[in-house]
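Chemist: Each chain is listed here by its residues.
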Amino acid sequence: MIFSSIPFLYYFLPLMLALYFACPKRMKNAALLLGSLIFYGWGEPKYVLLMAVSIAICYGFGLLTEKYRETGAGRLCCVASVAVSLSFLIYFKYTDFFLESFTAVTGIKTPLPNVALPIGISFYTFQLISYTIDVYRGEQAQRSILRLAAYIAMFPQLVAGPIVRYREISEQLSERTHSWELAALGVRRFVAGLAKKILLANQLGELVAAFQASGEKSVLFYWLYAAALMLQTYFDFSGYSDMAIGLGQIFGFRFSENFNYPYIAASITEFWRRWHISLGTWFRDYVYIPLGGNRVGRGRQLVNIFVVWFLTGFWHGAAWNFIAWGLCFALLLVVEKWWLLERIKRFRFLAHIYVLLLLLPSFVLFHAQSIQAAAADIGGLFGAGGVPLVSAEACYCLRSFFVVLLIGVAAATPFPCRIAERIGKTRVGGRLMDAAEPVVLAALLLVMTAYLVDGSFNPFLYFRF
Amino acid sequence: MGVHGKSRRVCMLLGALLFGGLLLCVLLPKDEYSDSERRALASMPQLSAKAVASGRFMEDFEAYATDAFPFRDSFRALKALTADGIFLRADNHGIYETDGFLSKLEYPMNPASLQRAADRFHMICDTYLTEENRVFLSVIPDKNCFLAKESGHPCMDYAQFEREMARRADFAQYIRISDLLERDDYYRTDTHWRQERITDVAGRLAEAMGAVLSSDYELRTLEQDFYGVYHGQAALPLAPDSLCYLTGEAIGRCTAYDWQNERKIPVYDLARAQGKDPYELFLSGPLSLVTVENPDAPADRRLVIFRDSFASSLAPLLVSGYAKITLVDIRYIHPGSLGRLVDFEGCDVLFLYSTLVLNHSETVK
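Those sequence lines, one after another, are chains S and E.
Going by the numbering used here, the first residue of the first sequence is number 47, and it counts up by one from there.
Going by the numbering used here, the first residue of the second sequence is number 435, and it counts up by one from there.
The following block holds chain S by itself, in its conformation from the complex (with noise of 0.2 Å):
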């Protein structure tokens, strides 16, 4: 089930958050879980096992790694709980992938077992492993497997994020506190992300569409593509962060932040410091540090740097050009570390053209079917192949999306915030935003509804004539 469909907004979470506020303290874990598995099982429910399985086992290496802490038996326990949730991600995720590289290497045709991947293996193997390692490294492992379960399979942030940690969250499991003023701002929050995904994501995802479609490709056609790619991307993902954090919220829950306006870094290194904060900083937790991090010497750090950003490639999908889009980072950030990012202090304007002119191409390399493809994209932008300048299709384009560019490019700033906060600073400014804001919400509500709602439009054939 995803956020953005009726299914979830006008059936699962009513009643959702009725059994959950329905249900005394002690049963909230429970009601909590029962839902994330609902949820989960609506669009997988072969693979609620799976994660069950993944649950049961690392719930019980977590209470030997507490107890055997001190001991080599403990550290075992920690590698081995990681080990089983990696071999289930590995199969799941990769196995197809290792089978086509073994056979574009040898030659040796080996049959392909095609196997599916489960909805957010990615995001809860990640945070089983967070829970491993952080009750190894001291951290009070979970007695109650229906806390865990609940932790784990918390349906706001399951299927896309964020990663959670269980150090971030562990006190909240056993005591946490409702109130209106977190349940309003997580409504806030909800709505928000809501309307990134259904206004503006799904809307520039019509532009990529348009673009993939067309016969009558120009430069102004794939400037249009990586624009609205690099924006949907934001957008779709943050919007998703949104609305886990807003859903947390109104549950009682304070995840960390994703996501903090990326798109105005002055370095890349600033924008990953923006971007998916949550399994940037998983990675720095759980891989970069324990590597050595930056203690080491320039060799080594810089194996560790191509390490990260190839496993952080890697994590986002399995293909090659998942993997070169990491490296592409790697390279990018040991650049600024070791000589680009004093010298473009000095020039903030020209170091943010700088950040979005690679951003570009780099959202062109994530998105495209293989390398090749990418290259011929990423050739696009410069006119590579003899592409006109403008087509038709392109120019209509602009003008069709013109104005949801405009307003996918304004809310990538903090501006529109900011702003907003001055108003509401000010006394009548407030007052009106105050009667204006559950308007407001509500209209949103009322409008994405009827996206979602003309989002089954799917005329007759023949009526076309």
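Misleading hints may appear alongside valid ones.
[What the hints assert, rightly or not] Distance condition first, Cα-Cα at most 16 Å in a straight line; then the derived EDC-like pairs of lysine to aspartate or glutamate: (1) Lys155(S) with Asp142(S); (2) Lys440(E) with Glu483(S); (3) Lys583(E) with Asp525(E); (4) Lys74(S) with Glu217(S); (5) Lys484(E) with Glu90(S); (6) Lys440(E) with Asp480(S); (7) Lys440(E) with Glu217(S); (8) Lys583(E) with Asp533(E); (9) Lys538(E) with Glu584(E); (10) Lys698(E) with Glu727(E); (11) Lys71(S) with Glu221(S); (12) Lys92(S) with Glu493(E); (13) Lys583(E) with Glu531(E); (14) Lys758(E) with Asp730(E); (15) Lys391(S) with Glu316(S).
Please keep in mind that the hints were generated in silico from the structure rather than gathered at the bench.
Following the hints, position chain E against chain S.
Modeler: Chain E only, in chain S's frame:
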């Protein structure tokens, strides 16, 4: 009001919308058919362990929940208005409005589709026709031809389209009619042309094929409003069209037969005009094989029209010049089976197609 009150108000309002929505979803009766979209709506799927385990129940429920959402048409209108008025989108699902006319984007020209159509027509000629048959081709431009350029929407080069089609189907004599048409010859909310405004088109075609038509028509207008296919697709609150038809003595004496369902049909099917698609007024809508016979015309004047739905409204205007007109829609009948159904001997043959079909000839069998 303090922070607490404000927060409470926000939560209560959004909660009321979600819970209200749930109640309406569950309690309100569901439509089985969407008149505006002209399609059957998804129904509540059967709940079974097998359907749940396979995920089919959930998939079908998502379609049902969206299709059965209360006030569906109003929400679709809200979406169309938001896309149009706030996001200034130039089209909604490919449908755009300009000067009160709705049209669907048709771009770019698909040469492979034109070739496929020409190949199918060629195959028919090779299979069924002799040198005695005279073969004609005419292309009906869709509404974009008159709307798209001015409103800034991408537009095919219709002159080139006609040239390309005439070149690819050079076994037929091309009859140009596009110069006789203009925007107002089409319904504002529908794909098709208005019968009462295409008598000149019928005259041009008949003249080129050597037939003489009567121009004695009586204009009749149906009482009910005509909301064309684009009206429902656009979901914009636009005024309806009026549906008119031309009748007269010659047309009145004609008999029509639907060979697909083996039944007599009226030339103007007033019962169908009350149905889901009022354009089915003309020769009862989409049928694979229809004949119209005129007892007053010379017996040797016979015409076979390979056609799409545009010809349904044109054919009655041609009947005064022919003893028999056979209308064949090879989107619904395979051309291979025509030998036992249609007598081509001594007939003129007209391939009359809109650019909409020619540019998507995968629909042609």
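Chemist: Now, for every hint given, state plainly whether the structure supports it.
Modeler: These are the hints, each one checked on the structure:
Between Lys155(S) and Asp142(S), the direct Cα distance comes to roughly 12 Å. Compliance with the 16 Å bound is thereby established for this hinted pair. With a CA separation close to 9 Å, the supplied pair Lys440(E) and Glu483(S) stays within the 16 Å bound. As the CA atoms of Lys583(E) and Asp525(E) are separated by approximately 14 Å, the hinted pair is consistent with the 16 Å bound. Under the criterion of a C-alpha separation no larger than 16 Å, the hint pairing Lys74(S) with Glu217(S) is consistent with the structure, at around 14 Å.
Distance check on the hinted pair: Lys484(E) and Glu90(S) sit about 14 Å apart at the alpha-carbon level, within 16 Å; holds. A threshold of 16 Å between alpha carbons decides the hint, and for Lys440(E) with Asp480(S) the separation of about 7 Å falls inside it, so the pair holds. Between Lys440(E) and Glu217(S) the CA atoms are separated by roughly 28 Å; this puts the pair beyond 16 Å, and the hint is violated. With a C-alpha separation of about 13 Å, the suggested pair Lys583(E) and Asp533(E) falls inside the 16 Å cut-off, and the hint holds.
For the hint linking Lys538(E) to Glu584(E), the alpha-carbon distance of about 14 Å falls within 16 Å, and the restraint holds. About 11 Å separates the Cα atoms of Lys698(E) and Glu727(E), which keeps this hinted pair within 16 Å; it holds. For the hint linking Lys71(S) to Glu221(S), the alpha-carbon distance of about 9 Å falls within 16 Å, and the restraint holds. At roughly 15 Å between alpha-carbon atoms, Lys92(S) and Glu493(E) fall within 16 Å of each other, so this suggested pair holds.
At roughly 13 Å between alpha-carbon atoms, Lys583(E) and Glu531(E) fall within 16 Å of each other, so this suggested pair holds. The suggested pairing of Lys758(E) with Asp730(E) holds, with an alpha-carbon distance near 10 Å, which does not exceed 16 Å. Between Lys391(S) and Glu316(S) the CA atoms are separated by roughly 11 Å; this keeps the pair inside 16 Å, and the hint holds.
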